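Undergrad: Sequences are here, hints too, so could you generate the full structure?
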Amino acid sequence: MIEAKDTGVLAGFPPRVRRVREPVVALWVFAILALLPLMSSGYVIYILPQYMLFGVLAMSLALLWGFCGMLSFGQAGFFALGAYIMGLCLQHAGTLGVNAAYLALLASAMAGAVIAGAVGYFLFSAGVRDSYFVIVTLALSIIAEQLAVGQSQVTGGWNGMFIPRMQLSFWDWRLPLDSDASIYYLIVVFVAVTYSFLRWITRAKFGKVLAGIRENEDRILSLGFKVHLYKTATFAISAGLACAAGALYGTHAAFVAPSLAGVLFSTEVVVWVAIAGRNSLLGALLGGIVVSSISNALSAITPQYWQLVLGVLFVVVVAFFRGGIAGAVHRFSARRRG
Amino acid sequence: MSAALSVVVDATLITLVLALAAFGLAIIFGLVGVINMGHGAMLTLGAYLMWAATRMDVPFVLAALISALGVGLVGLLLEHVVIRHFYGEPLETLLLTWGFFLITTEIIKIVFGTDLREVVNPLPGSFDLGTIRFPAYRSLVALFAIVLMVAAALVFYKTRIGIRIRALMQNSEVASLLGLNIQLTYKIVFVSGSFMAGLAGALISPMLSVDPYIGNIFLVRSFFAVTVGGVGQILGGTLAGSFLVGGMETVFALVSSQVVAQTIVFAFAIVILRFRPQGVVTSR
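So the sequence lines, in the order shown, correspond to chains A and B.
Here our numbering is used: the first residue of the first sequence is 1, the next is one more, and so on.
Here our numbering is used: the first residue of the second sequence is 339, the next is one more, and so on.
Rather than coming from a laboratory, the hints here were simulated on the basis of the structure.
Owing to the predicted nature of the structure, the values given are computational and were not obtained by experimental measurement.
For every residue, glycine included, the Cβ atom is placed at its ideal position computed from N, Cα and C.
There may be inaccurate statements among the hints.
Unchecked claim - Between beta-carbon pairs, the in silico distance windows are: (1) A/VAL25 to B/ASN459: 58 to 68 Å; (2) A/ASP130 to B/GLU511: 14 to 24 Å; (3) B/LYS496 to A/VAL309: 44 to 54 Å; (4) B/GLY426 to A/LEU264: 27 to 37 Å.
TA: Following this line, the structure appears as structure tokens:
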């Protein structure tokens with residue numbers, strides 16, 4: 001049981017060893033993230049929330065890919081859509097009546113879920129799967145980027161769109177999030193809630209059906225499950241989360257440009273998740289945070305060689321370590337326990 | 339009237355150039371079932387090799403051949419080191435070839451830099467037939483695409499290697515029981531696909547400015563050309579798919595913007611993919 005290969009059927013049902021460990025590790029991670037602003041300030045506190053949102057994007061892909069076996073090359077399209085929605089809402093904040101940021105978060109999550117739900121239902125109900133789904137999501141990503149470029153009267157085209165900082169409000173009480181620490185905490189809470197939500201659905205019956213679909217779709221189908229509805233729901237949840245994370249990213253980064261929707265960024269997310277471990281939500285979250293921060297740091301020094309290293313790492317992981325780093329860690333700890 | 343005719347000419351030329359670009363993908367995808375996400379990088383590499391060769395005053399035709407051989411060699415390396423261990427696992431090969439794309443693109447950037455490069459057009463200008471104007475080089479490449487595809491069809495249907503490949507597509511297990519060297523046949527197919535991609539990249543390079551992502555313009559269009567046409571329908575499928583994708587884009591671009599045209603075409607391709615996953619062209 002414990003010696004089971006990570007590539008096998010057991011990979012997706014979180015094995016017993018990890019069942020004890022992952023929440024503990026997650027608790028540590030979130031505790032450290034929450035305490036960080038007390039110990040540090042400046043650039044780290046400014047930039048970390050953006051990487052955490054990349055981490056959410058990575059988790060949205062892990063849900064789709066690691067837990068349901070559907071690889072998407074279009075997650076960045078949803079992320080950028082969220083950012084643009086946030087930008088549009090905040091620009092018209094005066095005319096909306098309610099807190100524009102709340103509306104934007106709701107609208108972006110809905111928009112992502114509805115688009116992915118519609119496209120997903122359209123495709124999955126006809127049994128489109130695997131590689132074809134990848135190509136379609138690739139096309140979605142290109143469409144998103146092209147629309148962002150082409151509809152310049154709305155999006156600003158190549159020049160991008162500047163986005164004001166959101167503020168929190170509860171009835172008459174307003175809390176601007178202009179300081180780095182305040183929006184940092186908002187985003188930490190968002191990330192923690194997202195992680196808990198995803199962990200909950202992947203461990204509920206829903207998640208078990210997803211793992212079944214990933215391992216043997218035909219069998220799950222013959223057992224009477226409406227596979228296409230499960231897939232559609234997963235894609236919709238994943239896209240809604242990516243969109244909401246993008247909305248927060250937009251207001252934090254204060255800027256969104258078409259390249260955020262592009263194929264290259266979409267597949268960068270795939271690289272993070274593959275390296276970190278596609279079967280682990282926490283792995284994907286940390287992978288998104290760590291790899292994107294390393295990327296950012298090294299891009300200033302040696303962008304091309306770093307991308308080259310990342311590419312080689314990606315190939316090695318896909319060829320030899322399908323579980324990624326999280327899978328390797330899990331195997332290692334399982335072996336130590338004997 | 340002549341305006342309508344020149345649209346037809348335009349659409350035909352774009353169709354054939356796209357078919358040329360998609361051909362390598364169609365071979366690899368259709369015959370050995372590998373979705374080659376590195377196809378774009380192979381086109382790009384072909385274009386850069388072409389740029390380097392023509393700059394060293396290698397004659398144009400020879401330079402195109404060298405570029406194609408170079409990319410074929412890279413394809414051989416990729417197949418031998420990585421891909422051959424993953425036949426029959428479409429999602430894994432898709433990821434691995436995407437890794438190949440990432441690596442190759444970065445190497446191209448390191449070796450050639452990121453500036454735009456221009457490959458000198460060997461046949462500038464155009465010629466007139468009646469009232470219609472044909473761009474000389476583009477027309478020649480389109481003509482060549484037809485010749486290339488007919489030649490490939492002859493190889494596929496009339497030679498021993500063609501029979502082997504068809505046997506492999508039909509039933510690889512039985513084919514191997516009958517003594518067919520599967521590994522070698524796969525290798526030949528993969529390398530010929532890479533060779534075609536390199537050749538296409540080299541021939542297309544004078545039509546555009548060469549940059550490290552030039553191939554990606556063609557990547558998704560090639561995919562849709564192949565899937566809309568029909569995977570495995572190397573000749574008719576690629577042509578029909580290219581016509582639907584490239585031709586539609588030309589026509590829609592007339593009445594709206596390029597961006598809208600491409601969006602419509604992609605949406606159309608997705609719809610085709612759903613309702614006719616086997617493509618518009620199917621064997622008898």
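Undergrad: If a hint holds in the structure, say so; if it does not, say that too.
TA: Do the hints match the structure? See the list:
1. A/VAL25 to B/ASN459: 58 to 68 Å: 60 Å, holds
2. A/ASP130 to B/GLU511: 14 to 24 Å: The hinted range 14 to 24 Å holds for A/ASP130 and B/GLU511, with Cβ atoms some 22 Å apart.
3. B/LYS496 to A/VAL309: 44 to 54 Å: Holds, since B/LYS496 and A/VAL309 (Cβ atoms, about 47 Å apart) stay within the stated range.
4. B/GLY426 to A/LEU264: 27 to 37 Å: Holds, at about 29 Å.
No hint from the list above goes unmet by this structure.
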